[in-house]
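Protein sequences appear in the order of chains A and B.
Here the first sequence is numbered in our numbering, starting from 55 and rising by one per residue.
Here the second sequence is numbered in our numbering, starting from 842 and rising by one per residue.
There's no promise every hint is true.
According to the in silico footprint, chain A covers these stretches of chain B (three or more CB under 8 angstroms from chain A) [as the list claims (entries may be wrong)]: (1) 884-892; (2) 934-944.
Just a few of them, taken from the derived set where beta-carbon distance is under 8 angstroms, the chain A residues facing chain B [stated by the list, open to error]: (3) 68; (4) 93; (5) 94; (6) 100; (7) 101; (8) 125; (9) 126; (10) 142; (11) 144; (12) 146; (13) 162; (14) 165.
Some but not every residue of chain B turned toward chain A, in silico, with C-beta under 10 angstroms [to be verified]: (15) 860; (16) 865; (17) 898; (18) 927; (19) 928; (20) 930; (21) 962; (22) 963.
No wet-lab data here; the hints were simulated from the structure.
The structure displayed is predicted, hence computed values, not measured ones.
Every residue, glycine too, gets a C-beta built ideally from N, C-alpha and C.
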Amino acid sequence: MDTTTLERFSLNGSEDVVRVRLAVRTWMRANGFTLLQQTKMVTATSEMTRNCVTHGGGGSAELQQLRDGERLGLRLRVADQGPGIADLPLALQGGHSTTGCLGLGLSGSKQLVDDFEITAEPGKGTQVHITQWR
Amino acid sequence: MTTSIPIIAFSELLLVTIQGDVSDEQLEALRAELCERIQVTRAKGVLMDISGLTLVDSYLSRTLVALTTQSRLLGATLVMVGMRPDVALTVVDMGLRLEGVNAVATLEQGQALLRRLALASGQEGGHGHHNT
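Work out the full structure: start from the sequences and follow the hints.
Right, dumping it as structure tokens:
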């Protein structure tokens with residue numbers, strides 16, 4: 055599988071959340087993803103980047119183009135050096151909320167994309183990868 | 842470079858139009874501004890056109906519920922108009938419920954709903970309404 059970096063972002067405020075959302079929307083539209091695929095990925099992008107800004111104290115994001123034979127995909131990687139998530143399985147069930155609806159954003163986003171990976175050990179920050187295939 | 846979300850008064854209603862991709866700051870500003878406009882104009886109804894809104898994530902979902910509730914507390918009924926199908930599917934798949942939020946497809950339906958609710962509340966002596 056070929057992976058190409060498309061763009062990198064630093065995430066410090068809500069304008070950065072908007073910037074990444076627009077970049078995801080623009081690239082997916084230009085590359086023939088359906089409107090529903092675009093909206094699901096943009097929504098999951100919004101959740102992950104906002105979590106990074108509000109819970110992780112800011113961090114960085116990277117957009118990658120994936121090519122696996124005929125398949126084309128878009129992956130977003132988001133990383134922060136924040137506190138991580140104490141009870142990740144609980145957070146992914148959607149019931150967990152420390153400030154606002156972290157749990158619903160996380161568990162909900164998982165339903166929107168084709169692949170969802172998260173590591174969030176307490177004290178080691180949070181790393182999330184989400185991928186949508188065309 | 843935050844542009845504000847427009848609120849237009851027409852025939853005793855307020856019309857809010859949310860277009861494209863909006864930031865958290867624009868939504869926060871809208872919440873405050875809408876409170877003020879309802880209070881000043883004494884509008885009984887708010888039509889919120891979201892046919893141009895390209896995503897509803899958990900933050901926007903909380904904001905839509907908050908806008909509905911705060912409008913009701915100030916004596917106005919808020920009706921959300923024209924959610925895009927891809928946005929509706931995404932909201933449902935995420936497990937967001939938008940509880941208590943009135944939704945219709947067109948501005949005409951929104952006006953008709955507000956008229957019906959106003960009539961009903963007249964007959965019942967002014968109870969608030971937040972039916973779906």
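(request) Have a go at the residue 125 of chain A hint: is there a Cβ in chain B nearer than 8 angstroms to its own Cβ? (result) violated, 22 angstroms
(message) Please check whether residue 68 of chain A passes as an interface residue: C-beta within 8 angstroms of a C-beta belonging to chain B.
(response) Holds: closest Cβ of chain B sits about 4 angstroms from residue 68 of chain A, inside 8 angstroms.
(message) residue 927 of chain B was flagged as interface toward chain A. Is the shortest Cβ-Cβ separation under 10 angstroms?
(response) It holds, given that the least Cβ distance between residue 927 of chain B and chain A is near 4 angstroms, below 10 angstroms.
(message) Can you verify the interface hint for residue 101 of chain A: is its Cβ closer than 8 angstroms to any Cβ in chain B?
(response) holds, 6 angstroms
(message) Can you verify the interface hint for residue 860 of chain B: is its Cβ closer than 10 angstroms to any Cβ in chain A?
(response) With Cβ-Cβ at 13 angstroms, over 10 angstroms, it is violated.
(request) Tell me if residue 93 of chain A is really an interface residue toward chain B, meaning its C-beta lies closer than 8 angstroms to one of theirs. (result) holds, 4 angstroms
(message) residue 100 of chain A was flagged as interface toward chain B. Is the shortest Cβ-Cβ separation under 8 angstroms?
(response) Interface hint status for residue 100 of chain A: holds (4 angstroms vs cutoff 8 angstroms).
(message) The hint names residue 94 of chain A as touching chain B; please verify it with the least Cβ-Cβ distance against 8 angstroms.
(response) Where the cut-off is 8 angstroms and the nearest Cβ of chain B is about 5 angstroms from residue 94 of chain A, the hint holds.
(message) Tell me if the interface restraint on residue 865 of chain B is satisfied: Cβ within less than 10 angstroms of some Cβ in chain A.
(response) Result: holds, 4 angstroms to nearest chain A Cβ.
(message) Just to be careful: measuring from the Cβ of residue 165 of chain A to every Cβ in chain B, is the smallest value less than 8 angstroms?
(response) Where the cut-off is 8 angstroms and the nearest Cβ of chain B is about 5 angstroms from residue 165 of chain A, the hint holds.
(request) Could you check if residue 146 of chain A really has its C-beta closer than 8 angstroms to a C-beta on chain B? (result) Since the shortest Cβ distance to chain B is 12 angstroms, the answer is violated.
(message) Holds or violated: the hint that residue 930 of chain B contacts chain A, with Cβ atoms closer than 10 angstroms.
(response) holds, 6 angstroms
Of the numbered hints stated above, those contradicted by the structure are hints 1, 8, 9, 10, 11, 12, 15, 21, 22, listed in ascending order.
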